[in-house]
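Just so you know, the sequences run in chain order A and B.
Be aware that the first sequence starts at 0, since it is given in numbering that gives the first Met the number 0, and climbs by one per residue.
Be aware that the second sequence starts at 0, since it is given in numbering that gives the first Met the number 0, and climbs by one per residue.
It should be emphasised that the hints constitute simulated quantities derived from the structure, not laboratory data.
Note that CB positions come from ideal geometry on N, CA and C, so glycine has one too.
Some hints could be false.
[Said to hold, decoys possible] Pulled a few chain A residues facing chain B out of the computed Cβ check, cut under 7 Å: (1) Met150; (2) Val151; (3) Asp153; (4) Ile189; (5) Glu192; (6) Gly201; (7) Ala202; (8) Pro214; (9) Val215.
[Claimed, not checked] A few chain A residues facing chain B, derived, Cβ under 7 Å: (10) Asp137; (11) Leu140; (12) Leu154; (13) Ile157; (14) Leu193; (15) Glu195; (16) Ala196.
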Amino acid sequence: MSTLAIDKAGPSRKVKYGSMSRDRAWALRWSYFFLVLFAIFFLTPPIYMLITSLKSSAEISAATNPWWVFHPTLSNYVELLTSNQFLRFFWNSSIVSLAVVLVTMLISVPAAFALARMKFWGSTTLATGVFLTYLIPDSLLFIPLFKMLAMVQDLTGITLLNRWYVLLFIYPTLTVPFCTWIMIGYFASIPKELDEAALIDGASWLQTLTRIFIPVALPGLIAATIFAFTVSWAQFLYPLVFTTSVDQLVLPVGITTTLIKGDVFNWGQIMTGALLGAAPPLIIYAFLMDYYIAGLTAGATKG
Amino acid sequence: MAEVALRKVVKRYDDVEAVRGIDLDIADHEFIVLVGPSGCGKSTTLRMIAGLEDISDGDIMIGGDVVNDVPPKDRDIAMVFQNYALYPHMTVAENMSFGLRLKHYPKAEIKARVTEAARLLDITDLIDRKPKQLSGGQRQRVAMGRAIVRNPKVFLFDEPLSNLDAKLRVQMRIEIKKVHQKVRTTTVYVTHDQVEAMTLADRVVVMNKGRIEQIGTPNELYHKPATRFVAGFIGSPAMNFIPCRLEDVGGRLQIRLTDRIAFPLPPARAARYNALPRTDKLLLGLRPEHLTESHAHLEPGVETFDTVLDVTEPMGMETLVYFGLEGTPICGRVNPNAGAKDGAPMRLAMDLNNMHLLNEATGVVL
């Protein structure tokens with residue numbers, strides 16, 4: 000995200016000539032070289048996906064140039080977007096991701112505020128602990144988590160496994176620690192005098208959080224939101240383990256389980272589904288980017 | 000508005016005592032300045048009055064009520080911070096009215112109070128701006144406006160001018176004084192700048208190492224310092240301290256500075272110091288303005304001596320001269336036309352009528 004900001008600012012500056020600017024010119028050349036390299040590296044797969052998604056199955060399997068579409072068709076898109084199954088995956092993914100974002104923010108914002116500002120016994124240790132939990136990979140966690148939820152299901156009689164809403168309990172184990180951690184960082188960067196001023200002005204802790212901290216740390220909040228959404232949207236292992244019925248699946252799992260039938264890969268639809276699945280995070284990024292870059296703390300104190 | 004009282008207030012951080020038992024009575028409408036070097040406990044004292052720090056021992060009273068366990072918002076105080084602490088996402092008007100809005104004041108009254116405070120501080124044009132669109136001085140005015148609209152019992156200022164440049168600081172100092180003359184709210188003001196303390200205060204509290212060294216009006220502190228610390232801290236350039244001892248010569252008390260230099264004390268001073276043991280190691284405290292160029296008609300009690308100047312600093316209305324007396328660096332203030340030059344000999348006059356005598360070991364002014 001920051002590279003984007005630099006790119007915008009870069010060309011508008013006037014370049015003066017001298018040894019400093021020669022250094023700068025070289026630095027710029029190297030920057031462009033690596034940025035272009037990166038762009039090629041990361042954009043090739045989506046472009047290949049786009050090309051493939053516009054081909055019919057016959058053309059995909061034909062021995063023609065794979066980088067060119069000779070008979071473009073939207074049939075893959077039409078088929079997927081009219082398939083109730085695919086729309087169901089999309090719907091499940093959206094509900095799960097949005098709900099997880101909501102749950103994550105409701106937990107991690109107050110948690111971060113408490114850890115960053117209300118100095119209580121063990122708060123620093125707790126803050127580190129929160130981050131450490133994030134470091135345990137999901138591939139280690141999924142079996143014990145499955146056992147735990149199975150036990151809860153047996154004890155309470157509430158069906159949890161193979162239901163999309165079980166993911167609302169599982170995903171936050173990934174999103175809450177990280178979001179709490181970044182929010183701690185943002186809250187800690189807010190000058191202490193700001194909450195003292197609010198305290199003297201008569202604000203309660205909750206009012207200080209909602210009326211001062213959240214608006215001031217909005218860029219951080221947006222970064223955390225983007226993160227939580229992206230993680231939830233792209234999560235593969237947990238939904239694969241916890242949901243099995245077709246009507247409970249989310250997009251990534253749905254595409255791979257329904258579009259690969261035995262050893263038959265429906266490449267055109269797989270690529271189309273993946274592209275359509277990648278669209279929502281992209282749109283959200285585009286929307287929130289400006290807010291994210293805008294520094295809102297400017298002017299609070301002297302610095 | 001209200002009086003503030005501190006009774007044996009102590010602040011301990013683990014093993015360290017930042018404030019060591021302070022007693023202070025601040026009258027209604029009074030402007031009190033806490034001054035001292037960094038780490039003297041002045042800010043901690045202010046924050047304890049604000050309720051931002053718990054007090055370890057003693058009592059703090061505002062308007063006669065003990066407020067030890069009263070949260071800041073219920074103490075009816077307003078505070079202005081060194082770094083302004085404006086809410087960056089709110090406009091000037093919103094910043095100023097935040098406290099009133101939290102207390103659900105009627106909209107009309109909020110508007111009236113904000114307008115009045117803005118007029119008082121001359122920031123009416125800025126009312127819809129965000130803090131980042133303001134200069135340092137304007138931000139400080141807004142911070143003061145935020146305090147004024149609350150109409151609190153006590154104003155607390157924590158080094159409010161330290162972030163401003165020298166010129167603006169002088170200007171804002173006058174603004175603060177004007178505002179206090181108009182609103183007359185009891186004020187506690189913390190600064191490390193003794194000029195700020197002297198110019199603003201009704202009474203100055205000089206603090207050092209967690210204790211109060213002396214409380215007094217600016218003039219009292221300047222002319223009758225109680226300790227070496229106060230004598231050296233108040234006034235710029237600082238008071239000179241010259242090692243000396245008393246001796247009796249021919250039935251008269253005289254003060255000996257070096258083997259060559261000794262002066263008879265003026266009668267009033269001689270009477271005052273006569274009872275002191277002659278063996279005590281003493282310090283002669285003399286402000287630079289009492290060390291001037293010599294001229295023909297000297298008053299009684301003014302004694303002359305010759306020295307060689309090390310450095311001179313022409314300030315325009317006066318010239319500061321620096322020289323050494325047996326290794327003790329000394330500063331004097333002479334007329335710019337007195338012909339003081341770097342490295343040149345000069346005859347100086349010492350006004351012993353305005354001298355202070357200190358015990359070197361205890362630092363007490365005798």
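Hint by hint, here is what the structure shows:
no.	hint	in the structure
1	Met150	violated (45 Å)
2	Val151	violated (41 Å)
3	Asp153	violated (48 Å)
4	Ile189	violated (9 Å)
5	Glu192	holds (4 Å)
6	Gly201	holds (4 Å)
7	Ala202	holds (6 Å)
8	Pro214	holds (4 Å)
9	Val215	holds (6 Å)
10	Asp137	violated (37 Å)
11	Leu140	violated (39 Å)
12	Leu154	violated (44 Å)
13	Ile157	violated (42 Å)
14	Leu193	holds (5 Å)
15	Glu195	holds (5 Å)
16	Ala196	holds (4 Å)
Going down the numbered hints, you'll see the structure goes against 1, 2, 3, 4, 10, 11, 12, 13, while the others check out.
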